[in-house]
Amino acid sequence: MSLRPFLDVILASLVLGVAIFTITARDLFAAVVGYVAYGLLLAFVWIRLYAPDVALTEAAVGSGVTGVLLITAGKRLGALKDVAPDRQPGLALKLLTGVLAALVASALGAVILMLPDPPPSLAPEAAAAADGPGAGLGNPITAVLMSYRSFDTMLEKIVLILAVVGVWSVGADKAWGDAPAPLRQQKAYAPMVFLAQMLAPVGALIAIHVFWTGANAPGGAFQGGALLAAMWMLTMMARLAQPPRVDAQWLRLALVAGPAVFLISGLAGGVVAGSFFAYPQALAKPIILFIEAFMVLSIAVALPMLVAGPPSERQDQ
Amino acid sequence: MITLLDLFSIAAIGVGTFFFFAGTVGLLRFPDSLTRLHALSKADNVGLGLVALGLIPRADSALSALKLIVIWALVMLSGAATSQLIGRALRRGRK
Amino acid sequence: MDELLLAAAGLIVLAVAVGLASILRGSDVERLMAVQLLGTGGIGALLLIANATNVPGVEDVALGLALLAALATIALVNLLDTDQGDVEA
Chain A
9 MSLRPFLDVI LASLVLGVAI FTITARDLFA AVVGYVAYGL LLAFVWIRLY
59 APDVALTEAA VGSGVTGVLL ITAGKRLGAL KDVAPDRQPG LALKLLTGVL
109 AALVASALGA VILMLPDPPP SLAPEAAAAA DGPGAGLGNP ITAVLMSYRS
159 FDTMLEKIVL ILAVVGVWSV GADKAWGDAP APLRQQKAYA PMVFLAQMLA
209 PVGALIAIHV FWTGANAPGG AFQGGALLAA MWMLTMMARL AQPPRVDAQW
259 LRLALVAGPA VFLISGLAGG VVAGSFFAYP QALAKPIILF IEAFMVLSIA
309 VALPMLVAGP PSERQDQ
Chain B
8 MITLLDLFSI AAIGVGTFFF FAGTVGLLRF PDSLTRLHAL SKADNVGLGL
58 VALGLIPRAD SALSALKLIV IWALVMLSGA ATSQLIGRAL RRGRK
Chain C
254 MDELLLAAAG LIVLAVAVGL ASILRGSDVE RLMAVQLLGT GGIGALLLIA
304 NATNVPGVED VALGLALLAA LATIALVNLL DTDQGDVEA
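Chains as they are written, first to last, in the numbering used here: chain A, 9 to 325; chain B, 8 to 102; chain C, 254 to 342.
No lab work stands behind these hints: they were computed from the structure. Computed from a predicted model, the values in this text were never measured in an experiment. Take the hints with a grain of salt, since some may be wrong.
Unchecked claim - To spell it out: a stretch of chain B is covered by chain C in this simulated footprint if at least three of its residues, at any positions, have a beta carbon under 8 Å from a beta carbon of chain C; those stretches are:
no.: 1; segment: 18-28
no.: 2; segment: 33-44
no.: 3; segment: 47-53
no.: 4; segment: 60-72
no.: 5; segment: 85-98
We treat Cβ as the ideally placed atom computed from N, Cα and C, and that holds for glycine.
Whole structure, please, built from the sequences with the hints as guidance.
Spelled out as structure tokens, the structure:
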């Protein structure tokens, strides 16, 4: 199969080229465009490495959500046009930063190049353990996430909540409880509104499909939740919806629903199936899907809240 | 043993790939931003459409073929709307 | 037949890669168009790869990409609007 190395070389050099462009870009728009392109290219790389789940997550989070995050941040920074120009960092500081970055990169490279062949891996153990206590799931990644390493996954969702709390706490004291600034100040034009109206329902369906099919095929709760988050951000960017108030009950309930259900299932597992986070063998798959449904809700609410930012004082009302 | 359907697939995918190249050439060589937008939307709609059309006979199941059509429809929908948005951005940029 | 499909996928990636060169020297909007082309070309290549190899779930990635390409474009157009300074709330 002589074509594959050729394809790989093109892909690898593209990724490198776009990364260098993103770092050296002179203005914000070029850098953000480069970053979105970089995320898309990385998704192809993951596909090439036979990891479609990660590819979906990379496309959804890496270029979708993070791209919008950078854009929102860039817009808000751009609004600070009357700030006095910063002092440029001195030559010594630039040299030091360069040396540190080079050290980190060469350490990473050395580690990868010095790996024994075949490299040590927990994959066989994880796959074996996931078949056991678990799951009856067709997708080994979901089995590992929700059964073998369920505690880690729950903690990750709690970290998301902490991140949202951190972002909210940056708001001014007077604005506490208000809604974040809208994602788009100007009136939206008709094509944008049309696209959001058509795409959002379809996207929501696709997100639910990706979550549901994650039990047996590549997909899963995080990918579905990230796609749902992208659809909500789409409607907010077209001004069909506004970021909700930070003290809204439903918002806070939705945020904690995922980790809460996860934790309760884990504790219940201690009572019903013998140990913390064990699932009764016969009911494993329905329980996992039940927990994942709430996780999708939490992720779909947390990610747009991270992008929307801290509550801000309303200028118009 | 290449069947007629295979020939159709090869032809459709081949022309679709050609349109992607045409889109790239247009993006790089057309004189004006608006004409480049025109080239881009050809690659989007026709290029991807022909590729999807060529893959439909080779789909494993009806659901798979339906997915191909849904992807094509989504790309056409978003391509149409984003062409309008880009066109407007171009027009405002040079007012 | 699979080889042909993979070759077509490679060609599309090549075409899109060359188109990305437009990011370097184009105006802002042309960079946006290059990313659009990357997204669509990526979807085309992914569909071909999904059909040619047996990796499961690649069409779902193409489906997700179709949604996200639109999201990225709208977000970037929003950024352009702010840059061009119209505030007609």
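Now for the hints, and whether the structure bears them out:
1. Look at the segment 18-28 of chain B against chain C: 6 of its residues bring a Cβ nearer than 8 Å to a Cβ of that chain, three or more, so the hint holds.
2. Counting residues of the segment 33-44 of chain B whose beta-carbon sits less than 8 Å from any beta-carbon of chain C gives 5, enough to reach three: the coverage restraint holds.
3. Closer than 8 Å: that is the beta-carbon criterion, and the segment 47-53 of chain B has 3 residues meeting it against chain C, so the requirement of 3 holds.
4. For the segment 60-72 of chain B, the stated coverage by chain C is satisfied: 4 residues place a CB nearer than 8 Å to a CB of that chain, which reaches the threshold of 3.
5. Only residues whose beta carbon comes within less than 8 Å of a beta carbon in chain C count, and the segment 85-98 of chain B has 8; three or more means the coverage holds.
In the structure shown, no violation is registered for any of the earlier numbered hints.
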